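2 protein chains.
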Amino acid sequence: MPVNLSAPDPASLHPVAGLRIGVAEAGVRKANRKDLTVFLLDEGSSVAGVFTKNRFCAAPVQICREHLAAGAAIRAMVVNTGNANAGTGADGLARANATCAALAKALSLKPEQILPFSTGVIMEPLPVERIEAGLPAAIADARPDNWAHAAQGIMTTDTIPKAASVQVQIGGKQVTVTGISKGAGMIRPNMATMLSFVATDAHIAPALLSGLVRELADQSFNRITIDGDTSTNDSFVLIATNKADHAEITDLDSADGKALKAALLDVAQTLSQAIVRDGEGATKFITIRVDGGKSGEECRQVAYAIAHSPLVKTAFFASDPNLGRILAAVGYAGIEDLDQTRIDLRLDDVLVARQGGRNPDYREEDGQRVMKQSEITVHVSLGRGDASDTVWTCDLSHDYVTINADYRS
Amino acid sequence: MPVNLSAPDPASLHPVAGLRIGVAEAGVRKANRKDLTVFLLDEGSSVAGVFTKNRFCAAPVQICREHLAAGAAIRAMVVNTGNANAGTGADGLARANATCAALAKALSLKPEQILPFSTGVIMEPLPVERIEAGLPAAIADARPDNWAHAAQGIMTTDTIPKAASVQVQIGGKQVTVTGISKGAGMIRPNMATMLSFVATDAHIAPALLSGLVRELADQSFNRITIDGDTSTNDSFVLIATNKADHAEITDLDSADGKALKAALLDVAQTLSQAIVRDGEGATKFITIRVDGGKSGEECRQVAYAIAHSPLVKTAFFASDPNLGRILAAVGYAGIEDLDQTRIDLRLDDVLVARQGGRNPDYREEDGQRVMKQSEITVHVSLGRGDASDTVWTCDLSHDYVTINADYRS
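If you read the sequences in order, they're chains A and B. Just so you know, numbering that gives the first Met the number 0 puts the end of the first sequence at 408, numbered straight through with nothing missing. Just so you know, numbering that gives the first Met the number 0 puts the end of the second sequence at 408, numbered straight through with nothing missing.
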């Protein structure tokens, strides 16, 4: 059961001019499920992406990097679920290249104009012949108002499709930002997330796109964790079709640039938080805010130590205010000169620990009240500087174990 | 159910001349359980310890460090379970000091000759009056052949007491090494473990002891992990009563020094592995060996990434050879210039992945066979150097969640 997250209303997902999406059932791993998605981009679109830092990055991630670097206009993307095509060596690269070649042929493009994406089980050969066989149906299905199907088409252990869409005025014109994401486990993105595709029809100088996608990732997908496992296939792609009729944005700090960035960040944060809300076995959505640090980096370090602690996560699952576990995680986060006597801990509005010890006014029932909520903010003050940062995570439940002990069977 | 670990036969735990141990029921947290243990050391003993690097270290850990640094001969130690006296601020220090003062008074010693240890729930006030009330019974119980009771007396979520004992010849004389440990969760020791006490009657120059205890910790307690949570109370203490009648060991690289070190390491490794075998919810004992690294440090980094991955741990629980999860963990372990095409993965004798891809000869049933065992070796070859290291861990099961969701209730 996702935490305060429901399937998006298809009508709320605005089409992005210049982009069509098609979905098909290719039987990659299981029959009768949408497992193949294509994105078809009009001429004049620009694309940028950030990808996993996992050194065991998947074959499609390696090819995405190559094709983006090659400089040919990206005109299509293909996404399969059921198989990650990771840990597959040279054979995996050949199969991903074959997928690109097949789609390029069908669309009269060059293979380097295609970006491939895969997600699913690691270290199994990609059934490229099934993907090739499914491509005609996916292409035939392509239409602008197909975001809701695409959100379904990229799901693996997700229990619910994830999508977000906003419209803003830029230069007096209405501009759309719409995106989808997938992911529920193996989530501790590092410069990117599992898979997320965000598109806008805004008109923006292509040179700005790669910096923008990194900035967005840094404030959204790079601030979430479910189990601390950085995937081999993390990819976050930003598409600008440049169809909107306003003056080209050439400076992200201009009024138009800021308006677009805010809309994109809104969609990216909603999508990244949706991944946590649908985290494998999640029953709680936890915001971890750390302030009073010397740097944002050390605040993140503390926030991730808390977010990854199995003991903290199981306490949240149990609604048990066993909050010393949070202090222990703060203590082992790796700040060598941390002074425990300066640390305060709050659970929402409840001051639990003050100056490193239990707040004399803290009552167990106050902690208990907050722990029972489905959305909880953990607030740690380090008392050593002015920096702060925030990370989003979920609890660790029996269902996490069940899902991951049964995933392949 | 611990993995291939049974309660020690009390008769197998040889007394250490010069050391008496007493155990009592003080009702620290719950009635009718052994929760208070004292160690009484004869004059002429020397003591060294290593303690948690957690910056939220508990009050007793802070006092142990002070008392060891003060230089007065340590003559007694007191251990309570049921309460960690961590995250308790200045009040916690006062309570730990009161415990030392009470034991010192009863034994006509100075407080700085006492080392205090606590383990249990964090951020609750230590019920020092109950501990003081229990001390006379613990002292009255003190005798040399009481190791088995002490192993019970320091347990918290442990399901089984942990002890080990060996005897070796040094300088023609029989020398004893006996030790106990406790710990089952919040285990990723950093320079030490939860609680472990190892004693020998060997005659060893006191100046050698603090180096020796670090070396032993590094090869035993610093190579295990259950959940990656470094405790606030980790302590590993080595006692030499110096009662044995051989020539004093003044060089650890001498024949006598090596014989003693080997016996101590044998006991320390057995005790540290016993903690993993009794890991909360553990059903499998996993040895993770990484070789072919540029340094031992990077081999440990990779081994710990695998050992801490919830996805790897749940796959072991399920006996599911979903081994791509191990490759993913290798990939995100943090080695920037790792070349995936040089990596081999073996499960016991089964070559699963070769040069970063699935071994063409690998058959699922071979992986399945190994995964069903209760003891499994994961062997990763990085193919970039000659260094190697080993870490021991366990799987992640439903019972881990149950135990930690229910621990306080």
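There could be a bad hint or two in this list.
One copy or two, either will do: identical chains are not told apart, so a pair holds if it fits within one copy or between any two.
[Stated by the list, open to error] With a straight-line Cα cutoff of 30 angstroms, these simulated DSS-like cross-link-like pairs (lysine-lysine) come out:
(1) 293 - 52
(2) 242 - 293
(3) 29 - 371
(4) 242 - 260
(5) 257 - 104
(6) 371 - 52
(7) 29 - 242
(8) 242 - 371
I should point out that these hints are in silico values taken from the structure, not numbers from a laboratory. It should be emphasised that the depicted structure is a prediction, and the values quoted were computed from it without experimental measurement.
Exercise for review: Could you tell me which of the numbered hints above are not met by this structure, giving the numbers in increasing order?
Suggested key: Hints 2, 5, 6, 7, 8 contradicted; others consistent.
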